[in-house]
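The sequence shown begins at 277 in the working numbering and counts up one residue at a time.
In short, the hints are calculated from the structure, not lab data. There's no promise every hint is true.
Said to hold, decoys possible - With a straight-line Cα cutoff of 20 Å, these simulated PhoX-like cross-link-like pairs (lysine-lysine) come out:
hint, residue 1, residue 2
1, Lys-295, Lys-359
2, Lys-295, Lys-315
3, Lys-282, Lys-314
4, Lys-337, Lys-295
5, Lys-314, Lys-295
6, Lys-282, Lys-324
7, Lys-295, Lys-309
None of the values given here were measured: they were computed from a predicted structure.
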Amino acid sequence: MEIQGKVIQLLALQTGEGKNGVWKKQDVVVETKSQYPKKVCLSFWGDKINPSLLVVGADLKISFDAESREYNGRWYTELRAWKVDPLNAGDAPINNSGSDNFIPEPPASGGDDLPF
Numbered sequence: 277m278e279i280q281g282k283v284i285q286l287l288a289l290q291t292g293e294g295k296n297g298v299w300k301k302q303d304v305v306v307e308t309k310s311q312y313p314k315k316v317c318l319s320f321w322g323d324k325i326n327p328s329l330l331v332v333g334a335d336l337k338i339s340f341d342a343e344s345r346e347y348n349g350r351w352y353t354e355l356r357a358w359k360v361d362p363l364n365a366g367d368a369p370i371n372n373s374g375s376d377n378f379i380p381e382p383p384a385s386g387g388d389d390l391p392f
């Protein structure tokens, strides 16, 4: 599965030691870019944690797997990220004016193209 959105919060880095050695986990809250934005918490484990990409305000495309586990009669779901890419400027509308305050010029015909 895949999600695109802006990082709005980084939760505390969690570390521990298990039977396979030391582990670390970073939870990240992303807000989707849609008509009705949703906040989604995704988990990054081990070498998938990329501090240069996982910063508040970054626009990202994240590939993840959803997994649920049962513990003491309750079910817990985790969204485990396995790939993260920045959304580059090529995905955004391009303004070729060279200025952020670009105002298009009116048509040279001088006539009004409105039908009313």
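Which of the stated hints cannot be reconciled with the structure, identified by number in ascending sequence? 1, 2, 4, 5 and 7
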